[in-house]
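Peer 1: Chain by chain, the residues run as shown.
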Amino acid sequence: MLSIALPKGRLGDKVYQLFRDHGYPCAAMEAEDDRRLVLRDEASGVQYLLVKPSDVAIYVEHGAADVGVVGKDVLLEGGNDVYELLDLGFGRCNMCVAAPVGFREDLSAPLRVATKYPAIAKRYYAGKSREIEIIKLNGSIELAPILGLSDVIVDIVETGATLRQNHLEVTETILPISARLIANKAAMRFQAAAIQPLLAALQTQTSEGAKA
Amino acid sequence: MEALNQSKKDMLTGSLRSLYQSLGYTRFSMRRFEEYALYLENKRFLKSESVLAFTNPDGKLMALKPDVTLSIVKHAPKERDALEKVYYKESVYRLAPTAREFVEIEQMGVEALGAVDAYTVAEVLRLAIETLRLAGLDHVLDVSHMGFAAGLMDAAGLDAEQQARLFQFIRQKNAHELAAEVARMGIPPQYADKIDLLAGLAGSFPETLRRAEAMVVCPAMAQALQELHTLHAQLTALGLADCLQLDFSMLNDLGYYNGLVFQGYVQGSPRVVLSGGRYDLLMRRFDKQGDAIGFSLYLDELTHVLAEPSQWDADVLALYQPQDDVAALNAAVFALAAGGQRVLAATQAPRDFRARKTLRFDGQSFQEVT
Numbered sequence: 001m002l003s004i005a006l007p008k009g010r011l012g013d014k015v016y017q018l019f020r021d022h023g024y025p026c027a028a029m030e031a032e033d034d035r036r037l038v039l040r041d042e043a044s045g046v047q048y049l050l051v052k053p054s055d056v057a058i059y060v061e062h063g064a065a066d067v068g069v070v071g072k073d074v075l076l077e078g079g080n081d082v083y084e085l086l087d088l089g090f091g092r093c094n095m096c097v098a099a100p101v102g103f104r105e106d107l108s109a110p111l112r113v114a115t116k117y118p119a120i121a122k123r124y125y126a127g128k129s130r131e132i133e134i135i136k137l138n139g140s141i142e143l144a145p146i147l148g149l150s151d152v153i154v155d156i157v158e159t160g161a162t163l164r165q166n167h168l169e170v171t172e173t174i175l176p177i178s179a180r181l182i183a184n185k186a187a188m189r190f191q192a193a194a195i196q197p198l199l200a201a202l203q204t205q206t207s208e209g210a211k212a
Numbered sequence: 213m214e215a216l217n218q219s220k221k222d223m224l225t226g227s228l229r230s231l232y233q234s235l236g237y238t239r240f241s242m243r244r245f246e247e248y249a250l251y252l253e254n255k256r257f258l259k260s261e262s263v264l265a266f267t268n269p270d271g272k273l274m275a276l277k278p279d280v281t282l283s284i285v286k287h288a289p290k291e292r293d294a295l296e297k298v299y300y301k302e303s304v305y306r307l308a309p310t311a312r313e314f315v316e317i318e319q320m321g322v323e324a325l326g327a328v329d330a331y332t333v334a335e336v337l338r339l340a341i342e343t344l345r346l347a348g349l350d351h352v353l354d355v356s357h358m359g360f361a362a363g364l365m366d367a368a369g370l371d372a373e374q375q376a377r378l379f380q381f382i383r384q385k386n387a388h389e390l391a392a393e394v395a396r397m398g399i400p401p402q403y404a405d406k407i408d409l410l411a412g413l414a415g416s417f418p419e420t421l422r423r424a425e426a427m428v429v430c431p432a433m434a435q436a437l438q439e440l441h442t443l444h445a446q447l448t449a450l451g452l453a454d455c456l457q458l459d460f461s462m463l464n465d466l467g468y469y470n471g472l473v474f475q476g477y478v479q480g481s482p483r484v485v486l487s488g489g490r491y492d493l494l495m496r497r498f499d500k501q502g503d504a505i506g507f508s509l510y511l512d513e514l515t516h517v518l519a520e521p522s523q524w525d526a527d528v529l530a531l532y533q534p535q536d537d538v539a540a541l542n543a544a545v546f547a548l549a550a551g552g553q554r555v556l557a558a559t560q561a562p563r564d565f566r567a568r569k570t571l572r573f574d575g576q577s578f579q580e581v582t
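Each protein sequence line maps, in turn, to chains W and Y. Here my numbering is used: the first residue of the first sequence is 1, the next is one more, and so on. Here my numbering is used: the first residue of the second sequence is 213, the next is one more, and so on.
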């Protein structure tokens, strides 16, 4: 039985459809009112675990799930010791620095950065030798510069609509983000017979996606 | 009588000690701490760069040892023809893999230093296999040779910094970002195509070796494969090759390791439990002429998989009255325990206590409670 950790929510739904279309269906995943968090399908030999997106890599790292799908942002922030097998090519967005429209940076003072991603922000600014002050928030990051809590924010930007509505704009793009297939290191040894066909099936999907 | 109160882990360390000693490895004991500078200078050899440091009364910065091998190498003989075979069971202090907190980790391992020849390499590799086997669980030993990837990168003319960047993606089996980085570096296609394959070059020994042979572009790569081929043939002849797999994505630091590298996994444990390799270059850093190979077993990683939660807190709960004769009671309790049972003597059962059976003291001996 291959154990697959999926992020609850929109990304998870999309990932499940992809897995289903490549031979890993699970009837319980499609039932409207099923609120269980562990869903098995004996016939396709899989067990789906629905977990908080930021916890997917933790389940995989500790071997509670053999493989999982998680955003690159979560992987970079968590620094989890897992294999990153495939870029699934969806959930695309960018990790960006955004500031109020017309913002001028004061280089004589540390930059105040509000973010859900302190590790990524620290690494990025350390690479530029810029002194910063991190303000760790858990949501509504866009509010921080408006209220003067921070100078800039570091966050993922999909369309930029939320930024625009809050009079913010992207000033720097740190790196592109997308959904990644990850695997536990020991599972790659003991569950190779189950993981390799899954990887091969998804690889054809992503190479088709790249061509399209 | 069976070793009654020994946990599986204790029995494993006992068996490993006998195994290592039977092949002439002597126990190496060391202090808990070394000078901090030792680890600062060799931080890339360490699994994690964080070291627990403190100042000694002379104002010298010391560290609780995060690694055993550096200390052993420091003590190794200088001469090329000397041979030292040692084993150790030591605690090291590292950051926990998943929490920003220092933990004490128990390691057991062997090192052969000095005149390391083909026999020594095969012996240490066999010891690694036997070590996993003694754990009594399904296991896999992944093997690779640093000369293969390093040879390819050198042939492609990549500098150390570029190699380190590519190594990071190869280790994660991250083929997509590896390919992107290779393309960005503008590596000539005859090398780029082959470097791209390194992340996925893993699997059964003979088949992966065949795939690797098609990638050889320089003598260093051919020599690495030859060495792997020979080792595999030897271990096959001994009937020990079943657990071997090849994985060229397994790469240690090039500044220290050359030659054979290997990592062990056991069923039920999510992380590497055994790690080792050939580290002649570390010896050079300490001005030692000889070569070296060794491995260590992370006993902590085995704690959960070897645990056997007992259904019973004791075999016998031996109940007595406060007014019972102490000498008679003492004799009876010890007589019960001498029979090989776990006995808890008490006036009443502790909370939530589960004993296989309960006996009551009648003034002379213990009787079944009816």
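Hints were generated in silico from the structure; no laboratory data involved. Note that the structure is predicted; figures quoted are calculated from it, not measured. Do not rely on the hints blindly, as some may be mistaken.
Unchecked claim - Within a straight-line C-alpha distance of at most 27 Å, the following computed DSSO-like cross-link-like pairs (lysine-lysine) qualify:
| no. | chain 1 | residue 1 | chain 2 | residue 2 |
| --- | --- | --- | --- | --- |
| 1 | W | Lys-52 | W | Lys-8 |
| 2 | Y | Lys-259 | W | Lys-122 |
| 3 | Y | Lys-259 | Y | Lys-297 |
| 4 | Y | Lys-301 | Y | Lys-286 |
| 5 | Y | Lys-297 | Y | Lys-272 |
| 6 | Y | Lys-286 | Y | Lys-259 |
| 7 | Y | Lys-221 | Y | Lys-301 |
| 8 | W | Lys-122 | Y | Lys-255 |
| 9 | W | Lys-128 | Y | Lys-255 |
Stated by the list, open to error - To list a few chain Y residues with every Cβ distance to chain W over 12 Å, as calculated:
| no. | residue |
| --- | --- |
| 10 | Lys-286 |
| 11 | Asp-354 |
| 12 | Arg-383 |
| 13 | His-388 |
| 14 | Gln-479 |
| 15 | Arg-483 |
| 16 | Trp-524 |
| 17 | Gln-560 |
Unchecked claim - Simulated DEER-style distance windows between Cβ atoms:
| no. | chain 1 | residue 1 | chain 2 | residue 2 | range |
| --- | --- | --- | --- | --- | --- |
| 18 | Y | Asn-268 | W | Phe-90 | 54 to 64 Å |
| 19 | Y | Asp-454 | W | Ala-28 | 50 to 60 Å |
| 20 | W | Phe-90 | Y | Asp-499 | 37 to 47 Å |
| 21 | W | Ala-119 | Y | Phe-498 | 32 to 42 Å |
| 22 | W | Thr-173 | Y | Pro-521 | 33 to 43 Å |
| 23 | W | Leu-143 | Y | Asp-499 | 54 to 64 Å |
| 24 | Y | Gly-348 | W | Asp-13 | 37 to 47 Å |
| 25 | Y | Asp-499 | W | Arg-104 | 48 to 58 Å |
| 26 | W | Thr-173 | Y | Thr-448 | 48 to 58 Å |
| 27 | Y | Arg-239 | W | Asp-34 | 36 to 46 Å |
| 28 | W | Leu-143 | Y | Ala-308 | 27 to 37 Å |
| 29 | Y | Gly-467 | W | Arg-36 | 47 to 57 Å |
The beta carbon of each residue, even a glycine, is placed where N, CA and C say it ideally should be.
Peer 1: What are the numbers of the hints that this structure violates, sorted from low to high?
Peer 2: 5, 11, 12, 13, 14, 15, 19, 20, 22 and 27
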